[in-house]
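Asker: The sequence shown begins at -18 in the working numbering and counts up one residue at a time.
Hint data in this document are derived by calculation from the structure and do not stem from the laboratory. Quantities reported herein were computed from a predicted structural model and do not represent experimental measurements. Treat each hint with caution, since some may be false.
[Said to hold, decoys possible] Simulated crosslink set (DSS-like; lysine-lysine; CA at most 27 angstroms straight-line):
no., residue 1, residue 2
1, K(-5), K43
2, K67, K(-5)
3, K67, K54
4, K67, K43
5, K54, K43
[Stated by the list, open to error] Computed beta-carbon distance windows for the label pairs:
no., residue 1, residue 2, range
6, A50, F16, 48 to 58 angstroms
7, N52, V76, 32 to 42 angstroms
8, E53, I(-1), 31 to 41 angstroms
9, W18, E53, 44 to 54 angstroms
10, I33, A13, 16 to 26 angstroms
11, K54, F82, 42 to 52 angstroms
12, F61, T(-16), 20 to 30 angstroms
13, E53, T(-16), 15 to 25 angstroms
14, T(-16), A66, 23 to 33 angstroms
15, F82, G2, 16 to 26 angstroms
The C-beta atom is built at its ideal place from N, Cα and C for all residues, glycine as well.
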Amino acid sequence: MTTVHTQTLLASIKAVLIAQGVIALILFIIAAIWFTWVDGVAGIWGAVLGMIGTVLTGRSVKRSSDAVALNEKVALAPAFSGTFAKLLFVGAGVVLGIVQFGLDPFFTVAGLALAQFAYPFAVFASVNDAS
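My request is simple: use the sequences and hints to build the entire structure.
Answerer: Pasting the structure below:
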């Protein structure tokens, strides 16, 4: 992967993480105002899991692009293994938050789901920056 592609990938990941952080903060404020601050923390927990998933996805994309230079036939193996690792980590985080920490399942899953809406916003922002 060339330096330009790596910088572009890192810039995209940074944009998504910033958008996810803003979404997490908004969810926390809304949940803390209308419900309890503990529900806000549950939303933050879910959003942080989404942010960790973003980092894991970026890592697997980088590994896949590096692998294609070595052998095109195994280029998707790092992407699939990274997606599997993301599924396990985020799933375990949701279960840990709900079962062990006693966080509200609705707000935990809502935080995780809302964090995923950062991807289109970040793509839209990067398209506007390019033009």
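Asker: Does each hint fit the structure? Answer for all of them.
Answerer: For each hint, the structure was consulted:
1. K(-5) with K43: Holds. K(-5) to K43 sits at ~14 angstroms (cutoff 27 angstroms).
2. K67 with K(-5): holds (18 angstroms)
3. K67 with K54: Measuring from Cα to Cα gives roughly 22 angstroms; hence the hint holds.
4. K67 with K43: Holds, because 15 angstroms separates the two Cα atoms, which is no more than 27 angstroms.
5. K54 with K43: holds (16 angstroms)
6. A50 with F16: 48 to 58 angstroms: holds (50 angstroms)
7. N52 with V76: 32 to 42 angstroms: holds (36 angstroms)
8. E53 with I(-1): 31 to 41 angstroms: holds (34 angstroms)
9. W18 with E53: 44 to 54 angstroms: Holds, since W18 and E53 (Cβ atoms, about 51 angstroms apart) stay within the stated range.
10. I33 with A13: 16 to 26 angstroms: 22 angstroms Cβ-Cβ, so the 16 to 26 angstroms window holds.
11. K54 with F82: 42 to 52 angstroms: Hint holds: Cβ distance 43 angstroms, inside 42 to 52 angstroms.
12. F61 with T(-16): 20 to 30 angstroms: Between F61 and T(-16), where Cβ atoms are some 26 angstroms apart, the hint holds.
13. E53 with T(-16): 15 to 25 angstroms: Given a distance of about 21 angstroms, which is inside 15 to 25 angstroms, the answer is holds.
14. T(-16) with A66: 23 to 33 angstroms: Because 26 angstroms falls inside the window, the suggested range holds.
15. F82 with G2: 16 to 26 angstroms: For G2 against F82, whose Cβ atoms are near 21 angstroms apart, the range 16 to 26 angstroms holds.
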